[in-house]
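Trainee: Sequence order for the protein chains is A and B. No gaps in the numbering here: position 478 of the first sequence is 478 in the working numbering, and each next residue is one more. No gaps in the numbering here: position 74 of the second sequence is 74 in the working numbering, and each next residue is one more.
Keep in mind the hints are simulated off the structure, nothing from the lab. Please note that the accuracy of each hint is not assured.
Calculated lysine-lysine pairs in the DSS-like style (CA-CA distance at most 30 Å, straight line) [said to hold, decoys possible]: (1) A:Lys261 - A:Lys227; (2) A:Lys61 - B:Lys47; (3) B:Lys58 - B:Lys194; (4) B:Lys194 - A:Lys744; (5) B:Lys58 - A:Lys626.
Each pair of labels, with its calculated beta carbon distance range [claimed, not checked]: (6) B:Thr233 - A:Lys381: 38 to 46 Å; (7) B:Thr233 - A:Lys376: 49 to 57 Å; (8) B:Lys256 - A:Arg303: 36 to 44 Å.
Which chain A residues stay away from chain B? Per the calculated CB distances, all over 10 Å, these [claimed, not checked]: (9) Asn15; (10) Met36; (11) Leu186; (12) Leu380; (13) Phe550; (14) Tyr558; (15) His575; (16) Lys626; (17) Leu682; (18) Ala687; (19) Thr749; (20) Asn758.
Where a beta carbon is used, it is the ideal one built from N, C-alpha and C, also for glycine.
What follows is the residue order along each chain.
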Amino acid sequence: MKKNLNVVGESVLRNDVVEKVLGTAKYIDDYKFDGMLYGFTVRSTISHGKIISINISKAKKINGVVNIFTAKDIPGKNFFPMILNDYPFLAENKVLFYGQPIALVVATNQEIAKEAAKNVFIEYEELEPVLDIHYAMKKNSPKIFGSDNILRKYIIKKGNIDQGFKEADVIVEDVFETNYQVHSYLEPNGMIAVPQPDGGITVYGTMQCPFYVHDAIANILNIYHNKIRVVQTTTGGGFGGKEDVPSLVAGHVALLAYLTKKPVKLVYTREEDFHGMSKRHPGYIEIKYGAKKNGKIVAAKVRYILDGGAFATLSPIVLWRGTVHAVGPYDIPNVLIESFAVATNKVPCGAFRGFGQPQATFANESLIDILAEKLKISPLKLRQINMLKPYSRTATNDKISNSCGFKKVLSEVIKKSKYEKILSKKNENLSTIKTGAGLAIAFYGVGLGAGGKYIDRAGAYLQIQKDGTVIISIGNTELGQGVFTVISQIASEILGAPYEFVKVLQPDTTRVPDSGPTVASRSTLMSGNAVLDAAKQVRERIDTMVLKLFNKSKGKVYSNGKEYFISTNPEKKIHYLEVIKKCFVQRINLSATGWYTGEDVSFDSETGQGKAYYSYTFSATVAIVKVNILTGVVEVKKIVSGHDIGKAINPKLCEAQIEGGVIQSLGYALTENLVLKNGIILNPSFAGYLIPTSMDIPEIIPVIVESKYSKGPFGAKGLGESPMITPSTAIANAIYNATGFRTKKLPVTPEILLELKNKK
Amino acid sequence: MIYYPEYLQPKTLEELFKELPKNKKIYYLAGGTDLLNYLRDELVDKKNSCFVDLSKIKELVFINETNKNIEIGSMVSFNILQENNLVKKHFPAITSMCKTFSTPIISNRATIGGNIANASPSGDSLPVLYTLNTKIEIKNFSQTRIEDIDKIFVGPKKTNFKNGDLITKLIIPKQVLQKGFSIIGIFKKVGGRKSHIISKASIAISAISKSDYIKKINVAVGAVAPTVLKINTISEILNNKKLNKKLVKDSVEEIKKVISPIDDFRSTANYRKEVVSSLFLESISELFKFNFYD
Numbered sequence: 001m002k003k004n005l006n007v008v009g010e011s012v013l014r015n016d017v018v019e020k021v022l023g024t025a026k027y028i029d030d031y032k033f034d035g036m037l038y039g040f041t042v043r044s045t046i047s048h049g050k051i052i053s054i055n056i057s058k059a060k061k062i063n064g065v066v067n068i069f070t071a072k073d074i075p076g077k078n079f080f081p082m083i084l085n086d087y088p089f090l091a092e093n094k095v096l097f098y099g100q101p102i103a104l105v106v107a108t109n110q111e112i113a114k115e116a117a118k119n120v121f122i123e124y125e126e127l128e129p130v131l132d133i134h135y136a137m138k139k140n141s142p143k144i145f146g147s148d149n150i151l152r153k154y155i156i157k158k159g160n161i162d163q164g165f166k167e168a169d170v171i172v173e174d175v176f177e178t179n180y181q182v183h184s185y186l187e188p189n190g191m192i193a194v195p196q197p198d199g200g201i202t203v204y205g206t207m208q209c210p211f212y213v214h215d216a217i218a219n220i221l222n223i224y225h226n227k228i229r230v231v232q233t234t235t236g237g238g239f240g241g242k243e244d245v246p247s248l249v250a251g252h253v254a255l256l257a258y259l260t261k262k263p264v265k266l267v268y269t270r271e272e273d274f275h276g277m278s279k280r281h282p283g284y285i286e287i288k289y290g291a292k293k294n295g296k297i298v299a300a301k302v303r304y305i306l307d308g309g310a311f312a313t314l315s316p317i318v319l320w321r322g323t324v325h326a327v328g329p330y331d332i333p334n335v336l337i338e339s340f341a342v343a344t345n346k347v348p349c350g351a352f353r354g355f356g357q358p359q360a361t362f363a364n365e366s367l368i369d370i371l372a373e374k375l376k377i378s379p380l381k382l383r384q385i386n387m388l389k390p391y392s393r394t395a396t397n398d399k400i401s402n403s404c405g406f407k408k409v410l411s412e413v414i415k416k417s418k419y420e421k422i423l424s425k426k427n428e429n430l431s432t433i434k435t436g437a438g439l440a441i442a443f444y445g446v447g448l449g450a451g452g453k454y455i456d457r458a459g460a461y462l463q464i465q466k467d468g469t470v471i472i473s474i475g476n477t478e479l480g481q482g483v484f485t486v487i488s489q490i491a492s493e494i495l496g497a498p499y500e501f502v503k504v505l506q507p508d509t510t511r512v513p514d515s516g517p518t519v520a521s522r523s524t525l526m527s528g529n530a531v532l533d534a535a536k537q538v539r540e541r542i543d544t545m546v547l548k549l550f551n552k553s554k555g556k557v558y559s560n561g562k563e564y565f566i567s568t569n570p571e572k573k574i575h576y577l578e579v580i581k582k583c584f585v586q587r588i589n590l591s592a593t594g595w596y597t598g599e600d601v602s603f604d605s606e607t608g609q610g611k612a613y614y615s616y617t618f619s620a621t622v623a624i625v626k627v628n629i630l631t632g633v634v635e636v637k638k639i640v641s642g643h644d645i646g647k648a649i650n651p652k653l654c655e656a657q658i659e660g661g662v663i664q665s666l667g668y669a670l671t672e673n674l675v676l677k678n679g680i681i682l683n684p685s686f687a688g689y690l691i692p693t694s695m696d697i698p699e700i701i702p703v704i705v706e707s708k709y710s711k712g713p714f715g716a717k718g719l720g721e722s723p724m725i726t727p728s729t730a731i732a733n734a735i736y737n738a739t740g741f742r743t744k745k746l747p748v749t750p751e752i753l754l755e756l757k758n759k760k
Numbered sequence: 001m002i003y004y005p006e007y008l009q010p011k012t013l014e015e016l017f018k019e020l021p022k023n024k025k026i027y028y029l030a031g032g033t034d035l036l037n038y039l040r041d042e043l044v045d046k047k048n049s050c051f052v053d054l055s056k057i058k059e060l061v062f063i064n065e066t067n068k069n070i071e072i073g074s075m076v077s078f079n080i081l082q083e084n085n086l087v088k089k090h091f092p093a094i095t096s097m098c099k100t101f102s103t104p105i106i107s108n109r110a111t112i113g114g115n116i117a118n119a120s121p122s123g124d125s126l127p128v129l130y131t132l133n134t135k136i137e138i139k140n141f142s143q144t145r146i147e148d149i150d151k152i153f154v155g156p157k158k159t160n161f162k163n164g165d166l167i168t169k170l171i172i173p174k175q176v177l178q179k180g181f182s183i184i185g186i187f188k189k190v191g192g193r194k195s196h197i198i199s200k201a202s203i204a205i206s207a208i209s210k211s212d213y214i215k216k217i218n219v220a221v222g223a224v225a226p227t228v229l230k231i232n233t234i235s236e237i238l239n240n241k242k243l244n245k246k247l248v249k250d251s252v253e254e255i256k257k258v259i260s261p262i263d264d265f266r267s268t269a270n271y272r273k274e275v276v277s278s279l280f281l282e283s284i285s286e287l288f289k290f291n292f293y294d
């Protein structure tokens, strides 16, 4: 078959690869401005208490200290805008978690600023900290949020839950828990603010969501949006950790620059980033399935609780996504889901790749294996019986569209992993190393869905320059995921311009309208469509010129990626550059703005029913593990992870996304264990908090399935988060298959495994 | 005020002891893989300290064979140690340990002397050096003394060293082998991931054996007590014996008797207690190519 796309679907070289590999890319700490000062944050050293006094006199005397500011110096509003607006930029009279910002030091260098911060003395009246979600929800616990410590709750009711369980032949239920996860981006959070002559301010920094930062600065400084410019610098990873909390960093640094009238840099140490920045929520999940003897699940009940930490930040919306997906990717007629995000005196949790789904998936994909064993049906078969397919209904009663390659994803992953063969293989009794296979599947609503409907839009600006090169601005950010490359491919394809000619500019809030956040696996879809819109307008004008050059009044114009031709005379071609030159001479506008809004979605807050998302991706992962039952050490040998993403604009980038997600999920499953005592993180460094090294990474086989979404650019849905959702649970299921130890906690540490072994 | 430690970079030992300040706490900077972290984490009294950088002192980098011993300079890095043929031939446990030591990057900088001076109960080289009856040469100004390695540690990260004491070399006795006998050795550890990791528990075994007959064996464990422990009672049980399951089981009991592991963020006392026995069983099984697990 003749290929009808030139560059979309090709694994072209990433357009940011050279500077990143050579080390010439500039991250925020590489920037310097004339006369720049340095900030450092004074943080709470207790988990819960009243601030009695703040003594800055000793710190202020240190040579090189320019000033020290507290909440009373804030000219605007003392909270950063995010859903419940409860998180103050600087604590006023109480602190709710260890590490909460209280004051800001600004000095002539970072070392002095840090030293001065240590010499700011805060007197507290300590209060009993609320550290446990169950205690937080009790009547007699101290209340740190509202009257019940509940940041947000949801309910989803579908069918008749009691009737459903009555009809069931077999019922299984269990409780699962997951720990924190730290984003572990290579580049810690940091910003530079530069005051402008007009009283405005420009902020540069590492971030996912420049428009959130924009709002935050307007809030803290009480100045108009048109005096604020936010520029994203090359960003060393985000994974959700740079979604909301960079607003805090930016607010702080903007305040310092505004008050001192000097450029100020505020870059966090790794320890500060651990203590102060967001984390994946610890999850607590009670889950129950009821099934007929033939395997058909007829009822599912979930009680899902997230530990939100001291402030709401993104907890409501993380909880919402988790809730919508909580019974798993299954067509179940009777569902009851109740969910809560609960306030505790610990670091506020927020967005993290997967966004409330990995926790819930651990519960439902573990329980489905437990159910399979009880029904004496294979875990694969049980999933095949119940999994979503076109026209089946989710827990919110959302109808699955034709864009559902779930069946193919599962069959490919099963085939490539030899899952069934390994699953049924008996381990030798004498051997201390046991092999096992595990499976987990999931669906993922692409984009913000009904939970973020009103900010689900994206803008773009595109311009072909005199020499034929193209510049594009989008509102989404490059975090390493490769969105600039994907956007360039889409523009190149539509325009007929060579891929190498296209450049995506540094994201800047003055270039395109608020395009929402760079989250929820939405950038390819949203910015992709916005660029598609802009590029199509320009291409129309190009086509008119091409027809004119061919002396035709109408007809369809084609491109082979560098030349244009028409179907009636495909041999005759005109080079792209020639057409562009003609357009310029004839004063044709080769620029356009693009816009895209997501399809309509809905969610009824009373029943939890509605079209939660406009499209879903589907995934399946098989993990093969070896477990040393003497030491409890798990070695993952192989992971096959498949994803229906609609269309892979750049297959190699997609494979890399899958590999990265698998590795992050492996860390979540096995090695990454944040330890807190009295609300204080005990291992706030990479020496204590262990992300996988290259030695821990198994063979990874990524599988891509393309079941096109009609509204997506070239059919694409989204990929960023899907690979993070299933691997950890596939690993836990594989450990069970290998050893017979069912782990109900993530991470599965060797300590837990030996405990289970000793109980047996 | 911000203070910095005083910094010296002598080229010879003679120069070092000539310049060494007497009124400051001396920190010898070897590979820096621990010390620089302590500096960053504010565990060093910067105002009253002096960092003495040893990296230019060539006379501390050597591995020599004498009549009775192998002598290893304290500034020998783990990478050099791992590649050295004398070490491979005489002390297989050292080579085994080097293979699991941190990462290639850290191994390039980290030194054997630094690992000893840091005195961590989870220091990977220590159990191995215990099993080899290593002696440590320590210099301070004009004085030189030699101590057994198991005598210098008094607690976690604590030695009996006086200010200015510098480890200059390790003296490890070579074993005299009768015909048919060979020297075997192994080091095993368990940590939170496969590499670049601080041990939750570790074990070293060095032995002279012929098939399953043990002439002499030394076992030491790490990270399960305030200091590394050499378990002499195991030597008593196994020396001059043909190995069997009963003896191995008795040996495990001896480990359990002497260790006193703790709970910390890395692991639990219970786990450490169990896993160090597992490591012993795995090591013995691997060394003697027989399954002693059950």
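Trainee: Hint by hint, note whether the structure agrees.
Mentor: Hints, verified against the model:
{"no.": "1", "hint": "A:Lys261 - A:Lys227", "verdict": "holds (15 Å)"}
{"no.": "2", "hint": "A:Lys61 - B:Lys47", "verdict": "holds (19 Å)"}
{"no.": "3", "hint": "B:Lys58 - B:Lys194", "verdict": "violated (33 Å)"}
{"no.": "4", "hint": "B:Lys194 - A:Lys744", "verdict": "holds (23 Å)"}
{"no.": "5", "hint": "B:Lys58 - A:Lys626", "verdict": "violated (46 Å)"}
{"no.": "6", "hint": "B:Thr233 - A:Lys381: 38 to 46 Å", "verdict": "violated (55 Å)"}
{"no.": "7", "hint": "B:Thr233 - A:Lys376: 49 to 57 Å", "verdict": "holds (51 Å)"}
{"no.": "8", "hint": "B:Lys256 - A:Arg303: 36 to 44 Å", "verdict": "holds (42 Å)"}
{"no.": "9", "hint": "Asn15", "verdict": "holds (30 Å)"}
{"no.": "10", "hint": "Met36", "verdict": "holds (19 Å)"}
{"no.": "11", "hint": "Leu186", "verdict": "holds (15 Å)"}
{"no.": "12", "hint": "Leu380", "verdict": "holds (30 Å)"}
{"no.": "13", "hint": "Phe550", "verdict": "holds (62 Å)"}
{"no.": "14", "hint": "Tyr558", "verdict": "holds (53 Å)"}
{"no.": "15", "hint": "His575", "verdict": "holds (50 Å)"}
{"no.": "16", "hint": "Lys626", "verdict": "holds (12 Å)"}
{"no.": "17", "hint": "Leu682", "verdict": "violated (4 Å)"}
{"no.": "18", "hint": "Ala687", "verdict": "violated (7 Å)"}
{"no.": "19", "hint": "Thr749", "verdict": "violated (8 Å)"}
{"no.": "20", "hint": "Asn758", "verdict": "violated (8 Å)"}
Checked against the numbered hints given earlier, the structure breaks hints 3, 5, 6, 17, 18, 19 and 20 and satisfies all the rest.
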